[in-house]
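Undergrad: Spelled out from the first residue to the last, the chains are:
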Amino acid sequence: MSRRLPVYLLLDTSGSMHGEPIEQVKNGVQTLVAALRQDPHALETAYLSIITFDSQAKQVVPLTDLASFQLPGLKASGSTALGDALSLVADCRQREVVKTTTEVRGDWKPMVFLMSDGVPDSGWESGLNRFRQEKWGVIVGCAVGQHGDTQVLSQVAGPESVVMLETADPGSISAFFKWVSASISVGSQKVDSGQKEVSGLSELPPPPPEIQVVGV
Amino acid sequence: MATINLTAKDGSPVSFVDEIIGSGGMKDVYFSPDRSYVVAFFRDPQDANARDRLDNIVSTYRQRIFDQPGGEYWKELFCWPTKIVEHAGKLGIVAPTYAKHFFFAHGSKNNDMLQIKGKEKQGKWFAAAKLRSKFLHPQELGDWRMHLTTCIKICRAVRRMHAAGLAHSDLSYKNVLIDPVGGNACIIDIDGLVVPGKYPPDVVGTADFIAPEVMATLTLPKGAPNRALPRIETDRHALAVLVYMYLLYRHPLRGGKIHDTNDPQKDEELGMGPKALFIEHPSDASNRPRVANLQPSELPWGDVTKRPYSIVGPYLRDIFNRAFIDGLHDPNKRPTANDWELALVKTVDLIQPCANPNCEQKWYVFDNSTKPACPFCSTPYSGELPVINLYSSRGKGKFLPDNHRLMVYTNQYLYPWHVNRTIFPNEKLSEEQRKPVGYFVLHNGKWVLVNQRLPALKDVTQNKEIPINTMVELVDGQQLLLSPEDGGRLLQIQMVKA
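These protein sequences, in sequence, are chains X and D. In this text, residue positions in the first sequence follow the numbering used here: the first is 1, and each later residue adds one. In this text, residue positions in the second sequence follow the numbering used here: the first is 1, and each later residue adds one.
Any given hint could be a false lead.
Unchecked claim - Result set (DSS-like, lysine-lysine): computed pairs, CA atoms no more than 30 Å apart in a straight line:
1) X:26 x D:109
2) X:178 x D:117
3) D:333 x D:362
4) X:99 x D:275
5) X:26 x D:134
6) D:464 x X:178
7) D:117 x X:26
8) D:266 x X:99
9) D:458 x D:398
10) X:75 x X:99
11) X:99 x D:134
12) D:119 x X:26
13) D:396 x X:178
14) D:446 x D:497
The hints are simulated quantities; they were obtained by calculation from the structure and are not laboratory data. All values derive from a computational prediction rather than experimental measurement.
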């Protein structure tokens, strides 16, 4: 009778991610899934979905249990339709996340990890408004490289939940996905954590040195 | 990889290979060059209180348990830190490497699809019906008897800690490694232990195991007088949950009752906290699991009508009642680790091998009903079964019932702890006391007890001595005296036909 934990990964696949960065993202997701499959608690409860965004947003993997999860090929091209991605994930949440009723124990609030290396296409704010209509658990924004827009991400994730990878090198991207995987696995609850809803970075394991926390 | 050589705080040499082999919530772990021990460094600086606690854990507290007669025994049941080191500004502890049987030998199904072969056997794998049925390799699962043995080891270890005045404070399937194939268990992550009045807890526990009173007062400030924090009584709750999950593969409090439809976090806090209710509460059915909402892989274990907790037998059923009905919201009424150990040991005497060679659990508690059958695979018991009630002498000629029953099966041994009430099967047994004194066997269609080492075995009903290396046929109503000494046991034989 455990609740499911839905996890949405929003991945920037715009042209600037072409080449090594997109390959590293694919590796990162593979490593993340492999690590979570070895964690019995995550295996029992976590469900993963991938939404990519370039000139448009697409849910390439619907919310899927870890054992059945298969990563399709990802290609990087086009612009950065972040707004579309935000309204798409909101629609997916509406459709896929089970609501609690008096009869059915629904899912936990979804976790969202959003990774982007650039400035969003104009008009993205309407997507943000749609996104904000839904209730979310932890939201983390990750700006990749020097063009990653931390201001934009902080509007999505909240000012205290944005991290940055200075460069899109393999080590940093892999460290990010390892940290995401550790964030999905749960551990002992600290005495002073109170009953605060898990929502900020403070509730997650401390990020490794490759990941900078952007206090906005 | 470079090997780093250090001197521990106690002056002894410590070496580790400079490559992280694993990372926990607070520590990064390294192997010694010969892999006989690990060194685990705290990522964050430890304050004076934490340092003082670690000092005591590796010295005073460790000596209290290990430097006693029979201390060797506990090395299998605890992964206890032995030394403190400092390196590159970080504090570390040295602890023994886990025994080999705590790593998966086969891992998962389908050619180890999860790639867990060689990984630690975290208890959670064995505590959820879905993980057992869908993922684990059948050769990793162990049988039900070995699950009882595993639980005995956990309770024994917790009993020992509590006897030393120590609370673990975060007992969970993450911090207890188990090996249901060999019936082994080992308590790990001992560095956070709580000493009442001296070292307060760092963590409130792990979801699934946090005691209701701790959950209910989470929001109060840390020093508030009503704030309940981990202590021995909360360990007792966690222990009860562990035993329930390892015997029934479901959580005792996670049922169908919804406490808050808007906020999952609120629902969790109520359901595990002030509103916690046993899913099998006999008079309040409001938290029964809704079978229709369960996944196929969670059945039949998730269905309490198919696998009611009564299948664990009368001794454990009573203890579960005390833990999840009487003591759920009344910490003082919770059974102690010693109570659990006792009930589990007695339950081992109630089990029968299942006649079905393909039965997944292989062993079950014989329920002594008119149509006895394996509760797991429904295979009926057939034939005649001797049921023995144990009485023991309390002063001259006076025998009182021990509320202890023995269900006989072929080649079942009789041990010194069956012969005398004052002997209990635990770490205190001598080598001699670990050896059987007789055994039961179905011989030419008749049940007999073969006397191997009982010098004064006597059939009281026939007033006849049964010398060593002879046997006595078991008949209904018969009384056998195993020992004339004080505490010596009298067996009252009942023959049940099924």
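Undergrad: Provide an ascending list of the numbers of those earlier hints which the structure does not satisfy.
TA: 3, 6, 10 and 13
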